[in-house]
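Residue numbers (the working numbering), protein chains in the order written: chain A, 1 to 160; chain B, 161 to 362.
It is worth saying that the hints were derived from the structure and are not from the lab.
The beta-carbon is built from N, C-alpha and C at its ideal position, and this holds for glycine as well.
Among these hints, one or two may not hold up.
[As the list claims (entries may be wrong)] Below 27 Å or equal to it, Euclidean Cα-Cα: the simulated DSSO-like pairs (lysine-lysine) are:
| id | chain 1 | residue 1 | chain 2 | residue 2 |
| --- | --- | --- | --- | --- |
| 1 | B | Lys200 | A | Lys70 |
| 2 | B | Lys354 | A | Lys56 |
| 3 | A | Lys56 | B | Lys195 |
| 4 | B | Lys326 | A | Lys56 |
| 5 | A | Lys90 | A | Lys59 |
| 6 | B | Lys195 | A | Lys140 |
| 7 | A | Lys56 | B | Lys343 |
| 8 | B | Lys323 | A | Lys56 |
| 9 | B | Lys195 | A | Lys60 |
| 10 | A | Lys145 | B | Lys195 |
| 11 | A | Lys60 | B | Lys341 |
| 12 | B | Lys354 | A | Lys145 |
| 13 | A | Lys145 | B | Lys341 |
| 14 | B | Lys343 | B | Lys200 |
| 15 | B | Lys200 | A | Lys56 |
| 16 | B | Lys200 | A | Lys140 |
| 17 | B | Lys337 | A | Lys145 |
| 18 | B | Lys163 | A | Lys59 |
| 19 | A | Lys60 | B | Lys337 |
| 20 | B | Lys200 | A | Lys108 |
| 21 | A | Lys59 | B | Lys323 |
| 22 | B | Lys343 | A | Lys145 |
| 23 | B | Lys195 | A | Lys108 |
| 24 | B | Lys326 | A | Lys59 |
| 25 | A | Lys47 | A | Lys70 |
| 26 | A | Lys56 | B | Lys163 |
| 27 | B | Lys323 | A | Lys60 |
| 28 | A | Lys145 | B | Lys163 |
| 29 | B | Lys278 | A | Lys59 |
| 30 | A | Lys56 | B | Lys314 |
| 31 | A | Lys59 | B | Lys343 |
| 32 | A | Lys60 | B | Lys200 |
[Claimed, not checked] Label-pair restraints from in silico Cβ distances:
| id | chain 1 | residue 1 | chain 2 | residue 2 | range |
| --- | --- | --- | --- | --- | --- |
| 33 | A | Glu96 | B | Phe179 | 37 to 43 Å |
| 34 | A | Lys56 | B | Lys248 | 28 to 34 Å |
| 35 | A | Asp154 | B | Lys215 | 30 to 36 Å |
| 36 | B | Asp208 | A | Lys56 | 34 to 40 Å |
| 37 | A | Arg74 | B | Asn334 | 46 to 52 Å |
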Amino acid sequence: MAKFTKKKSGDLPAISTASLPDIVFMLLFFFMVATVMRKNTLMVQNKLPYADQVEKLDKKDLVMYIYAGKPSKRYQAKFGTEARIQLNDKFASVEEIQPFIYSERESKREELIPYLVTALKVDSDTNMGLVSDIKQELRKAEALKINYTTIEGDAMQNLK
Amino acid sequence: MAKRSAPEVNAGSMADIAFLLLIFFLVTTTIETDKGISRKLPEWQPEDIEPPVIKQRNIFTVQVNSNDELLVEDEEMQLEDLRQAAFKFLDNGAGTGDEACSFCQGAKDPSSSVNPQKAVISLQNNRGTSYSMYIAVQNELVAAYNELRDREAKRMYGVTYTKMEKMYNDPNYNGDKDALKEKIDVITNMIPQKLSEAEPKS
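Between the sequences and the hints, there should be enough to build the whole structure, so can you do that?
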């Protein structure tokens, strides 16, 4: 009879976790496909405005980014709360835009230069004064194609 | 000899490794929002060149002050009404003779624009205007142009302009791209987007 009682040990069988890696890998692949590597660390607040008449920028290598907005919370002690421009990981003044455009242009292949677009990622609370200054500098640097990056949505949401 | 079943491989740590990778990707990547309103800036002109003379009736002035209030053609307006007003202005078509507009369905108001080809929307903002308001106004004005272009494209080709543009920009589109481009050009020549921005006054 001992033969039969032996099998009925009280332990529950171990739960198989073999499918857990599969699930995590699935998530991993989703994130690998749906996201891109962070190019610059944002140092400014960047809540983009809403608009619905948008076009998509699909060639990432042809886009130059200019960020503007108030410095993020942790930089406010050092840089104040006045809206600033950010180029390539550091705060910049308006005068630095032209050299930035020229150096970006240098790094691209010659035949692609006419297709370069400057994407302005500007925080919604910024005043137009700063944006106009940026635009004037872009005109001087002959970077005429610009794109105001927005979130797709009803424009009426901009007026709170 | 009795068949021995293969020993089970412990896959418990694989989940940990996958989680590590996952967290790495979560931290170092962003989901890009690369959509926006595309515009072309006017060329920089260092000397003061006399601007071309445009008849006052063909100019639709939109001003935004530092309190984000709209002044359209010297009258106060709410943002909700801007699209309709701009559309009415573009579609007015009061021209006669050479300036006649063959497709306009507007009110033909003699004090408003003669033809979409002549009509200019002039946007002026203040240095204190907020960026979100500026984008909202730009959005509404572009929407007015797109609405008119959509209507004409629908009438002439049975497809809206925005849809044609979307198809043209789609790399997987397998129709005749040159023919599509031609149609788009016809519409853009009929209704050119003349949106001029004055430098902000403080």
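Results for each hint:
The suggested pairing of Lys200/B with Lys70/A holds, with an alpha-carbon distance near 26 Å, which does not exceed 27 Å. Distance check on the hinted pair: Lys354/B and Lys56/A sit about 21 Å apart at the alpha-carbon level, within 27 Å; holds. As the CA atoms of Lys56/A and Lys195/B are separated by approximately 4 Å, the hinted pair is consistent with the 27 Å bound. The hinted pair formed by Lys326/B and Lys56/A meets the criterion: a straight-line CA distance of about 10 Å does not exceed 27 Å.
Proposed proximity of Lys90/A and Lys59/A is supported: the alpha carbons are some 24 Å apart, at most 27 Å. In summary, the hint linking Lys195/B to Lys140/A is supported, as the alpha carbons are separated by about 25 Å, within the 27 Å threshold. Under the criterion of a C-alpha separation no larger than 27 Å, the hint pairing Lys56/A with Lys343/B is consistent with the structure, at around 21 Å. With a C-alpha separation of about 14 Å, the suggested pairing of Lys323/B with Lys56/A holds against the 27 Å cut-off.
At most 27 Å may separate the alpha-carbon atoms for a hinted pair to count; Lys195/B and Lys60/A meet this at roughly 11 Å. Of the supplied pair hints, the one linking Lys145/A and Lys195/B holds, its CA atoms being roughly 14 Å apart against a limit of 27 Å. Annotation: proposed proximity of Lys60/A to Lys341/B holds, straight-line Cα distance about 24 Å (limit 27 Å). With a C-alpha separation of about 16 Å, the suggested pairing of Lys354/B with Lys145/A holds against the 27 Å cut-off.
Proximity of Lys145/A to Lys341/B is assessed by CA-CA distance (about 20 Å); at most 27 Å being required, the pair is judged to hold. Proximity of Lys343/B to Lys200/B is assessed by CA-CA distance (about 22 Å); at most 27 Å being required, the pair is judged to hold. A distance of roughly 15 Å separates the Cα atoms of Lys200/B and Lys56/A; the hinted pair therefore holds under the 27 Å criterion. For the hint pairing Lys200/B with Lys140/A, the CA-to-CA distance comes to about 13 Å; that is within 27 Å, so the pair holds.
Only pairs whose Cα atoms come within 27 Å are accepted, and Lys337/B paired with Lys145/A is accepted, the gap being roughly 23 Å. Using a Cα cut-off of 27 Å, the hinted pair Lys163/B and Lys59/A is violated, with the two alpha carbons roughly 58 Å apart. For the proposed pair Lys60/A and Lys337/B, the alpha carbon gap of about 23 Å is at most 27 Å, so the pair holds. The suggested pairing of Lys200/B with Lys108/A holds, with an alpha-carbon distance near 20 Å, which does not exceed 27 Å.
Simply put, Lys59/A and Lys323/B have alpha-carbon atoms about 20 Å apart, close enough for the 27 Å limit, and the pair holds. Annotation: proposed proximity of Lys343/B to Lys145/A holds, straight-line Cα distance about 23 Å (limit 27 Å). With a C-alpha separation of about 22 Å, the suggested pair Lys195/B and Lys108/A falls inside the 27 Å cut-off, and the hint holds. Straight-line distance between C-alpha atoms of Lys326/B and Lys59/A comes to about 15 Å, which keeps the hinted pair within the 27 Å bound.
With a CA separation close to 10 Å, the supplied pair Lys47/A and Lys70/A stays within the 27 Å bound. At roughly 61 Å between alpha-carbon atoms, Lys56/A and Lys163/B are farther apart than 27 Å, so this suggested pair is violated. Pair hint Lys323/B plus Lys60/A holds up; C-alpha atoms about 23 Å apart against a cutoff of 27 Å. With a C-alpha separation of about 72 Å, the suggested pair Lys145/A and Lys163/B falls outside the 27 Å cut-off, and the hint is violated.
Restraint check: the Cα-Cα separation between Lys278/B and Lys59/A comes to about 34 Å, which exceeds 27 Å; the hinted pair is violated. A distance of roughly 23 Å separates the Cα atoms of Lys56/A and Lys314/B; the hinted pair therefore holds under the 27 Å criterion. In summary, the hint linking Lys59/A to Lys343/B is supported, as the alpha carbons are separated by about 24 Å, within the 27 Å threshold. Straight-line distance between C-alpha atoms of Lys60/A and Lys200/B comes to about 19 Å, which keeps the hinted pair within the 27 Å bound.
Restraint check, Glu96/A to Phe179/B: a C-beta distance of roughly 41 Å satisfies the suggested window 37 to 43 Å. A beta carbon spacing of about 30 Å between Lys56/A and Lys248/B agrees with the range 28 to 34 Å that was offered as a hint. Taking 30 to 36 Å as the suggested C-beta distance range, the pair Asp154/A and Lys215/B conforms, at roughly 35 Å. Evaluation of the 34 to 40 Å hint for Asp208/B and Lys56/A yields a pass: the beta carbon distance comes to about 38 Å.
For Arg74/A and Asn334/B, the hinted distance range of 46 to 52 Å is satisfied, since their beta carbons lie about 50 Å from each other.
Violated hints for the displayed structure, listed by number in ascending order: 18, 26, 28 and 29.
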